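Residues per chain, in single letters:
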Amino acid sequence: MVDTRFFNSNAPMALAEIAQICDAKLVDESKSGVKISGLATMQNAGEGEICFFYDRKQKAKAAEIKASACVTTEELLPFMPKGIIILTAANPHLAFLKLNRAMYSEPVPAPEIRPTAVIDKSAVIGENCFIGDHVVIEENVKIGANCILETGVVISRGCEIGSNCRIGVNAHISHCLMGNGCYIYGGVRIGWDGFGFMFIQGRHEKIPQLGRVIIGNDVEIGANTCIDRGALDDTVIGDGCRIDDLVMVAHNIKLGRGCVLVSQTGIAGSCTFGDYVVCGGQTGFADHLTIGSGAQIAAQSGIMRDVEPGAVVMGTPAVPIKDFMRQVAFLQKNSKK
Amino acid sequence: MVDTRFFNSNAPMALAEIAQICDAKLVDESKSGVKISGLATMQNAGEGEICFFYDRKQKAKAAEIKASACVTTEELLPFMPKGIIILTAANPHLAFLKLNRAMYSEPVPAPEIRPTAVIDKSAVIGENCFIGDHVVIEENVKIGANCILETGVVISRGCEIGSNCRIGVNAHISHCLMGNGCYIYGGVRIGWDGFGFMFIQGRHEKIPQLGRVIIGNDVEIGANTCIDRGALDDTVIGDGCRIDDLVMVAHNIKLGRGCVLVSQTGIAGSCTFGDYVVCGGQTGFADHLTIGSGAQIAAQSGIMRDVEPGAVVMGTPAVPIKDFMRQVAFLQKNSKK
Amino acid sequence: MVDTRFFNSNAPMALAEIAQICDAKLVDESKSGVKISGLATMQNAGEGEICFFYDRKQKAKAAEIKASACVTTEELLPFMPKGIIILTAANPHLAFLKLNRAMYSEPVPAPEIRPTAVIDKSAVIGENCFIGDHVVIEENVKIGANCILETGVVISRGCEIGSNCRIGVNAHISHCLMGNGCYIYGGVRIGWDGFGFMFIQGRHEKIPQLGRVIIGNDVEIGANTCIDRGALDDTVIGDGCRIDDLVMVAHNIKLGRGCVLVSQTGIAGSCTFGDYVVCGGQTGFADHLTIGSGAQIAAQSGIMRDVEPGAVVMGTPAVPIKDFMRQVAFLQKNSKK
Numbered sequence: 004m005v006d007t008r009f010f011n012s013n014a015p016m017a018l019a020e021i022a023q024i025c026d027a028k029l030v031d032e033s034k035s036g037v038k039i040s041g042l043a044t045m046q047n048a049g050e051g052e053i054c055f056f057y058d059r060k061q062k063a064k065a066a067e068i069k070a071s072a073c074v075t076t077e078e079l080l081p082f083m084p085k086g087i088i089i090l091t092a093a094n095p096h097l098a099f100l101k102l103n104r105a106m107y108s109e110p111v112p113a114p115e116i117r118p119t120a121v122i123d124k125s126a127v128i129g130e131n132c133f134i135g136d137h138v139v140i141e142e143n144v145k146i147g148a149n150c151i152l153e154t155g156v157v158i159s160r161g162c163e164i165g166s167n168c169r170i171g172v173n174a175h176i177s178h179c180l181m182g183n184g185c186y187i188y189g190g191v192r193i194g195w196d197g198f199g200f201m202f203i204q205g206r207h208e209k210i211p212q213l214g215r216v217i218i219g220n221d222v223e224i225g226a227n228t229c230i231d232r233g234a235l236d237d238t239v240i241g242d243g244c245r246i247d248d249l250v251m252v253a254h255n256i257k258l259g260r261g262c263v264l265v266s267q268t269g270i271a272g273s274c275t276f277g278d279y280v281v282c283g284g285q286t287g288f289a290d291h292l293t294i295g296s297g298a299q300i301a302a303q304s305g306i307m308r309d310v311e312p313g314a315v316v317m318g319t320p321a322v323p324i325k326d327f328m329r330q331v332a333f334l335q336k337n338s339k340k
Numbered sequence: 004m005v006d007t008r009f010f011n012s013n014a015p016m017a018l019a020e021i022a023q024i025c026d027a028k029l030v031d032e033s034k035s036g037v038k039i040s041g042l043a044t045m046q047n048a049g050e051g052e053i054c055f056f057y058d059r060k061q062k063a064k065a066a067e068i069k070a071s072a073c074v075t076t077e078e079l080l081p082f083m084p085k086g087i088i089i090l091t092a093a094n095p096h097l098a099f100l101k102l103n104r105a106m107y108s109e110p111v112p113a114p115e116i117r118p119t120a121v122i123d124k125s126a127v128i129g130e131n132c133f134i135g136d137h138v139v140i141e142e143n144v145k146i147g148a149n150c151i152l153e154t155g156v157v158i159s160r161g162c163e164i165g166s167n168c169r170i171g172v173n174a175h176i177s178h179c180l181m182g183n184g185c186y187i188y189g190g191v192r193i194g195w196d197g198f199g200f201m202f203i204q205g206r207h208e209k210i211p212q213l214g215r216v217i218i219g220n221d222v223e224i225g226a227n228t229c230i231d232r233g234a235l236d237d238t239v240i241g242d243g244c245r246i247d248d249l250v251m252v253a254h255n256i257k258l259g260r261g262c263v264l265v266s267q268t269g270i271a272g273s274c275t276f277g278d279y280v281v282c283g284g285q286t287g288f289a290d291h292l293t294i295g296s297g298a299q300i301a302a303q304s305g306i307m308r309d310v311e312p313g314a315v316v317m318g319t320p321a322v323p324i325k326d327f328m329r330q331v332a333f334l335q336k337n338s339k340k
Numbered sequence: 004m005v006d007t008r009f010f011n012s013n014a015p016m017a018l019a020e021i022a023q024i025c026d027a028k029l030v031d032e033s034k035s036g037v038k039i040s041g042l043a044t045m046q047n048a049g050e051g052e053i054c055f056f057y058d059r060k061q062k063a064k065a066a067e068i069k070a071s072a073c074v075t076t077e078e079l080l081p082f083m084p085k086g087i088i089i090l091t092a093a094n095p096h097l098a099f100l101k102l103n104r105a106m107y108s109e110p111v112p113a114p115e116i117r118p119t120a121v122i123d124k125s126a127v128i129g130e131n132c133f134i135g136d137h138v139v140i141e142e143n144v145k146i147g148a149n150c151i152l153e154t155g156v157v158i159s160r161g162c163e164i165g166s167n168c169r170i171g172v173n174a175h176i177s178h179c180l181m182g183n184g185c186y187i188y189g190g191v192r193i194g195w196d197g198f199g200f201m202f203i204q205g206r207h208e209k210i211p212q213l214g215r216v217i218i219g220n221d222v223e224i225g226a227n228t229c230i231d232r233g234a235l236d237d238t239v240i241g242d243g244c245r246i247d248d249l250v251m252v253a254h255n256i257k258l259g260r261g262c263v264l265v266s267q268t269g270i271a272g273s274c275t276f277g278d279y280v281v282c283g284g285q286t287g288f289a290d291h292l293t294i295g296s297g298a299q300i301a302a303q304s305g306i307m308r309d310v311e312p313g314a315v316v317m318g319t320p321a322v323p324i325k326d327f328m329r330q331v332a333f334l335q336k337n338s339k340k
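Same order as they appear, the protein sequences are chains A, B and C.
For what it's worth, my numbering labels the leading residue of the first sequence as 4, then goes sequentially.
For what it's worth, my numbering labels the leading residue of the second sequence as 4, then goes sequentially.
For what it's worth, my numbering labels the leading residue of the third sequence as 4, then goes sequentially.
Extracted from the complex, chain A is given alone in its bound form (with noise of 0.2 Å):
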């Protein structure tokens, strides 16, 4: 039962127009006026609300559905308990991101620019923004049309920030040129000095930090996450980029198109990214890398070589996923007495 102290809802919705969105079939069309209350998982959904099934790992659960509707697909209608409407859609996962998209959404802040902002009067702000309570805008900004600016939000002097962007609470954007379409979450820290230093006579005297952090359209980055603008070059985020919370991109790195980097991630210096690229949680790279489009790097490696496109890594240094296991049952096999 989605909440909707947190949500809007536009339920009570129709079996009709729920078919209708899902692109599914009412097996039963004389359900069609049935009112659905709300969306829920298998597990938990209940009395007036629908669920999807599609999953086949979860067949044996089907039997537990106590919803009173369930999107499912031909193939896995024998699982389905009796007494439960039911839809088929060739693709009910698509059908499930659909009807959550059209039943729910966000509350969105309607534009305003709050009193307790501080705006330099240089600071160009596009039509029907929302700019929070204490953010600041320096010197010199630039900011698209329908951005919203949450709590807090710092776009430090000379930034440039697309069109139809989030930032949220306490984030901080600095040397930093931004797309249209980017969703960036609260504590973010991009454009702060990458991590440069000679060591000159007992001391690590530090490198100025001269370039900027690009970042493309449709580009989402997650909680606390941080990404340090170039040394001379710049550091570039590629359009569709998912950075999930607590990842740190270090200085010059270029990721592609479409790139995944699942949490606390950490990149060196000056790796290149390929387009789609798919980093589980906790992986690393050491500096000056190029990883293929389309590698995946399983959680937790360390990548210490180039990866070609496409390869499937695993392990500290990494390896082919099948060598890895390989290596793994090894290990297993003969530290056994």
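Think of the hints as simulated: they come from the structure by calculation, not from any bench.
Be aware that a few hints might be false.
As the list makes no split between identical chains, a pair holds if one copy fits it or if it spans any two.
What the hints assert, rightly or not - Straight line, CA to CA, 27 Å or less: simulated DSS-like cross-link-like pairs of lysine-lysine: (1) 325 - 34; (2) 257 - 69; (3) 62 - 85; (4) 60 - 257; (5) 209 - 101; (6) 124 - 257; (7) 85 - 336; (8) 209 - 325; (9) 64 - 145; (10) 101 - 38; (11) 257 - 64; (12) 257 - 209; (13) 28 - 339.
The structure presented is a predicted model; accordingly, all values stated were derived computationally and were not measured.
Following the hints, put chains B and C in place on chain A, whose structure we already have.
Just chains B and C now, kept in the frame of chain A:
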């Protein structure tokens, strides 16, 4: 020597009072009027101060104690140097905790709503709360009695916070129902979107995250830790959990009672933990795992399968700790020529 | 090309001046009046710009240099293409650092106390400080001269900050005495409670943390890093330490001079580091360890025992790096059929 710029001190205290607090016995009763000026470690305590000696491994260092008084056990008496006033207790570690609490305290701000706080008129705030500078409390938030919201805290719409909670500087609480007596450190991010996407025609389509974060009573959450809200189910943190700094708790995770997550632990989505699970630092968990009550996960381990109640595991992938040690020994022995 | 939206530039500069700054020799003295518009990498420098070529591994790429001028060594001259004005220096890397500093700088805010800052009347603030918007400075805080406290910084009661410090956006400093010339990045959390509990009758009882964080001179601390205060002793960060983003430093840790902690490193309580210890990214340390001066810990290593001065170790549990590489080779060889 505890620094009274930062802590309130009830010292000096007479040894008679200290003995009572510590449930300890003064070996030489004639010393009961001696005043003690402070509490310090065995190594650092000096004249006028008291220390505690209960760790047998420190016995060689007991001879160097410079404190005026020391609480120890009957058993450890032979290691004590002359000239120090000795108190004996059955459990000096517990005595330390009691004296610590009796002698010192952190200053607590008096109830007040600071004038720079921004509080929506629909919010309900209990009695005796301190609401710090630049705090923002959004619509329909409910906050119990005796809470402390430090500088820059943001409580987003609809959240409910129990009584006697302390929320640290710049923490942000969203989509959350929190119990009583919780202590949230600075920079914590509670309630951001879980990391859920569907890959459709070259784009990672966002699955709206419609769940909440439910936090029990007496929970402690460390600095800059991130706890994502559920996808449809809730993320649940059980009563009495202790979570360290920079921890990642992903969507739909259920932690039982009294779990301990040491710093930089990361738990992927939909894991279910029993009670009193202990995770060392930098441990990582794959998604959808079940971790039994009382399981102990050694630091840096990578958990890829369910863990039995009470199991003690280590490594990536984690194995029983004895097996891990055997693997380590095997490798060290056999890799040498 | 350094972006002058973000940095001040002293370019154009004549090559004669550049040669002087770089302690370099113009091979063709007739070029001393040529003006240089900026500094860029070997790969990106274009017409009017200068670059540096000192890494022998890049020699194959030297032929593609498009810069107007290049600083290199006598030794690397044979790899330089024609048509580029060449300067030779004994140490071009150092020359790069000098020119970088001479040609560019970050804009520094003029001394000012922004009107939205909240400063307790008992606080003492030195001359020429910049105190940004929404900064909060609590009672009895002392801040030295020439400090920059950026937007939203919070300095809690009793803290002392030396002179010439820069504290970044939304950083929070508590229970701390800090030296001169420190640079604290945004979102840093200094002085929260160490993670200390006693398990009593089913509850993790909090051990009040009564220590401080003592930070030396010339220390740099990266974004969103957490440094907990001591339990009774202090947490100590020695002069000249360089700490990257998202690092965890637990209670009672003592770092010597000039230690380097790369991103996502985590150090458990009461470890003692000598001077100039270097920790790669994502390294982890068990508690109460002694790490000798000059030790180097490879990325992702897990340190479970003391490390000798000057040792270079890797792996979990960490072993001398040669042993680690031998283990890796052994496993790779023997796990294959």
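Structure-based check of all given hints:
1. When the C-alpha separation of residue 325 and residue 34 is checked against a cutoff of 27 Å, the pair qualifies neither within a copy, at 50 Å, nor between copies, at 59 Å.
2. With identical chains, the CA atoms of residue 257 and residue 69 are at most 27 Å apart between copies only, with a shortest distance of 22 Å across copies and 48 Å within one.
3. In the homo-oligomer, the alpha carbons of residue 62 and residue 85 lie at most 27 Å apart inside one protomer (14 Å), although the nearest pairing across protomers, at 71 Å, exceeds that limit.
4. Taking the shortest Cα distances, residue 60 and residue 257 sit within 27 Å of each other only across copies (21 Å), while inside one copy they are farther apart (38 Å).
5. Taking identical chains as interchangeable, the C-alpha atoms of residue 209 and residue 101 lie at most 27 Å apart only when they sit on different chains, with a minimum of 11 Å there against 51 Å within one chain.
6. For the identical chains of this complex, residue 124 and residue 257 are neighbours neither inside a copy (34 Å) nor across copies (46 Å), given an alpha-carbon limit of 27 Å.
7. In this homomeric assembly, residue 85 and residue 336 never come within 27 Å of each other (Cα to Cα): the closest approach is 48 Å inside a single copy and 57 Å across copies.
8. When the C-alpha separation of residue 209 and residue 325 is checked against a cutoff of 27 Å, the pair qualifies neither within a copy, at 43 Å, nor between copies, at 31 Å.
9. Taking the shortest Cα distances, residue 64 and residue 145 never come within 27 Å of each other, neither inside one copy (53 Å) nor across copies (37 Å).
10. Within a single copy, residue 101 and residue 38 get their C-alpha atoms as close as 18 Å, which meets the 27 Å cut-off; across copies the closest is 60 Å, which misses it.
11. With identical chains, the CA atoms of residue 257 and residue 64 are at most 27 Å apart between copies only, with a shortest distance of 19 Å across copies and 44 Å within one.
12. When the C-alpha separation of residue 257 and residue 209 is checked against a cutoff of 27 Å, the pair qualifies both within a copy, at 23 Å, and between copies, at 23 Å.
13. In this assembly of identical chains, the alpha carbons of residue 28 and residue 339 never lie at most 27 Å apart, being 56 Å within a copy and 52 Å across copies at closest.
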